[in-house]
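Same order as they appear, the protein sequences are chains A and B.
Under the working numbering, read the first sequence as residues 1 to 475, first letter to last.
Under the working numbering, read the second sequence as residues 1 to 475, first letter to last.
No wet-lab data here; the hints were simulated from the structure.
Among the clues, some could well be false.
Said to hold, decoys possible - Just a sample of chain A residues kept apart from chain B, beta carbon distances all over 10 Å, derived:
{"no.": "1", "residue": "37"}
{"no.": "2", "residue": "243"}
{"no.": "3", "residue": "320"}
Claimed, not checked - Cross-link-like lysine-lysine pairs, in silico, DSS-like; alpha carbons within 30 Å at most:
{"no.": "4", "chain 1": "B", "residue 1": "236", "chain 2": "A", "residue 2": "54"}
{"no.": "5", "chain 1": "B", "residue 1": "77", "chain 2": "B", "residue 2": "54"}
{"no.": "6", "chain 1": "A", "residue 1": "316", "chain 2": "B", "residue 2": "57"}
By construction, the Cβ of each residue, glycine as well, lies at the ideal position given by its N, Cα and C atoms.
Number of protein chains: 2
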Amino acid sequence: MANKLTPMSKDFNEWYTDIVKLAELADHSPVKGSMVIRPYGYKLWEEIKEYLDKRFKETGHENAYFPLLIPNSFIQKEADHIEGFSPELAMVTHGGGKELEEPLVIRPTSETIINYMYSKWINSYRDLPILINQWANVLRWEMRTRLFLRTSEFLWQEGHTAHATKKEANEEALQMLDIYHEFVEDIAAVSVVKGIKSENEKFAGAITTYSIETMMQDYKALQAGTSHELGQNFSKAFDIKFSDKNNQMQYPYQTSWGVSTRLIGMIIMAHGDDKGLKLPPRIAPIQVVIIPINQAQDKNSDINKLCDTLVEHELKDIRCHLDSREEVTPGFKFNDWEQKGVPIRIEIGPKDIEKGVVTIIRRDTSEKSTIQTNKISETVTQMLEDIQKNLLQQSKSFMQENSFHVENMDELVDSLQNKDGFYSCYWNENTKDELLVKEKTKATLRCYPLDANNTGKAVNDVKVEGKLAIFSKAY
Amino acid sequence: MANKLTPMSKDFNEWYTDIVKLAELADHSPVKGSMVIRPYGYKLWEEIKEYLDKRFKETGHENAYFPLLIPNSFIQKEADHIEGFSPELAMVTHGGGKELEEPLVIRPTSETIINYMYSKWINSYRDLPILINQWANVLRWEMRTRLFLRTSEFLWQEGHTAHATKKEANEEALQMLDIYHEFVEDIAAVSVVKGIKSENEKFAGAITTYSIETMMQDYKALQAGTSHELGQNFSKAFDIKFSDKNNQMQYPYQTSWGVSTRLIGMIIMAHGDDKGLKLPPRIAPIQVVIIPINQAQDKNSDINKLCDTLVEHELKDIRCHLDSREEVTPGFKFNDWEQKGVPIRIEIGPKDIEKGVVTIIRRDTSEKSTIQTNKISETVTQMLEDIQKNLLQQSKSFMQENSFHVENMDELVDSLQNKDGFYSCYWNENTKDELLVKEKTKATLRCYPLDANNTGKAVNDVKVEGKLAIFSKAY
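Construct the entire structure; sequences and hints are all you get.
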């Protein structure tokens, strides 16, 4: 059974696309820019949704659904917003066989349509805060498809909130960033830097964009989620007003925040290896796969009985799959489930049965061990926890080992040109300099880390104190 | 507190729209034909999704996601399909600032794009059956909006399966119809007739369409779900072929099946009354609302303590909401939660506390009773079951009382012109006659009931035996 997976070291991009295809996560579609999310990939999205949806509800948010099609004039209402999104819009010009009077835009994000509705729903301070989330598809025109990472249509959630005060909106934006952080580290086992986007990189329409940045195994950054303080930009553009406790009319302060199916791309690129996908147990659709090593004639053997007992009893609280396919060899199955990133494989052969043991293999370390049959449940439970911890630890070490501090502009540019990674420096916010670095190195200012209070001589202007900033190439 | 709800007897359509607005289920959107599903309405959709998704998975289906935009040429591939959907298509002609070479269609349903992908994924009998479901938004151009019932964009699920044999496909289509039936009767508490659609009313591209038909309180039918046997129509149009066990190339047999957000409209129109929505307990986002009847100064009273104990302990396994708003009167709250259809209301006043009782009111019968505080949990649990049963029983009786059998064509037409309801008769399948009845009465052939094996002289051709058919006006 040949492994058709391109080695990561040979070509990271091909390796990535191979995994997506071989693990049956997604497929290219006949519509340029669009992808098909296959059942195994969609299960990852369902795990992501389930976790986040629960956390959103625990923090007081409700789900709702707003229209896919937005009048083109709405997009025009917030100046930065239109500038940011215009080049990416898909236009519906004909409906029901007729040309439309005003073209409709397929939502690239829903601030405009949602805030139009908020202007009708918000009248008094008693209507605030309004805490709504939407799980939806959005579309931003894109011809260079990379499955999960860059597609015209993608699935995401977008939270949209309105608050009486700036302080409350700020707390909300940071709370949601923390929930994303918690998901990415605790569940997806990927190390995170939390930070603030530069003026140049912030969301079109925000006053502040917070993001979580992660590092992929090719040392590039992937922005895993963003949370925006919108200030009163949209409430003014859409004339959302409420009477406060003193009967004065006020514009509310707003936030929006989102993560998308690109989180699946992150999981692949943060953990995978030359055997395929490597899934953190907490998000793996299948946590344990059991493979009987049978003789063809062994249909009702002790091996099959043990397999059934494991699935129905010992491992019933674990997402467990018994691979009893007869048309393929055990070797094919090993390869198949390794590609699909299942954290633990249990092999049961005739000799194991004789000795009252099973063979257990960790996907993360390839470690193989022999376990007493009566110890399977506790061993598997403990091992799943160990794998989860180990993957996060590896991601943390990897980020640490590939993060560097530079002291001046030359060093920043040279480093970014020669070796990919995260480069921190003190930076005096300045879009022109930022674009210059980008032009020379293709790297962008990823964020000003939130927990870094220290300042120092700015590399782009030694006369002033700069804030700590991280530069990197990015997805 | 004036009740702004139009009485059902005065104008059923206005009554319906009023409930949707007053209960904050949905709102009109600025885009003609589109609606906004508000949080309380979306919670109903979440309950529907949760139940059905579980049942789909229990019966071996997996979720996936296919593109929103479909090449116009795909829609043209299946002759009946294009005829059925062409007038309802929304066309994307521009993307990323440029005119597209081929217009893209926003999916009105996904048979074409999904079957294109199936042609790539299906090669051998080992790839079958393929059992995929998608939760998605679809769009069918529509200018006369009725919230939940008729909107351009709506949310739904669409199952798409492929099988080696016609028998298997038939079993699948009927199995999914049974799951819809089970949901509508057991959870939504609405009486159902299962049947087969006439040639004229079947899905564009199906060989057989099965449906479940329900009766609204204005005696009109609402088709609550459909399940289609597609035969080999799409597998031939998209050249989906598999090699069978004898290495012969075969076209698979397919099904598709769906329900949509119109189920919410069904729940409203089947159960509501002049006080508002009436929700079956199994689908109610809030099953019990607790309303303290406090004096303003009573902030830390025994009343509040009892309320908290109920929510946190006695009723913790029930979807319970404590309405502790201070800015509105208890009377406002009664009205508000009645409009929102909450099955049980518990009122707790100072006199109740003295006597160690609470007052409990059923939304379905308006019955009021006084319950010992220590009996609340068992009483509520039992009452929720009773309400669920009662609503289904009422729906069954209502359908029975408004279903009639007619013996000849004149009687059929006269009845349909004079009194809305379900009219059964023996019918010789004939689209021309069906359209004639429709022209005269606006009623359509809803279905040939599945459990009716009896035949008799056809009203549209007394010389032949007809099958039992039901005619009715419909949503």
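Hints and how they fare:
no.	hint	in the structure
1	37	violated, 4 Å
2	243	holds, 13 Å
3	320	holds, 15 Å
4	B:236 x A:54	violated, 44 Å
5	B:77 x B:54	violated, 33 Å
6	A:316 x B:57	holds, 17 Å
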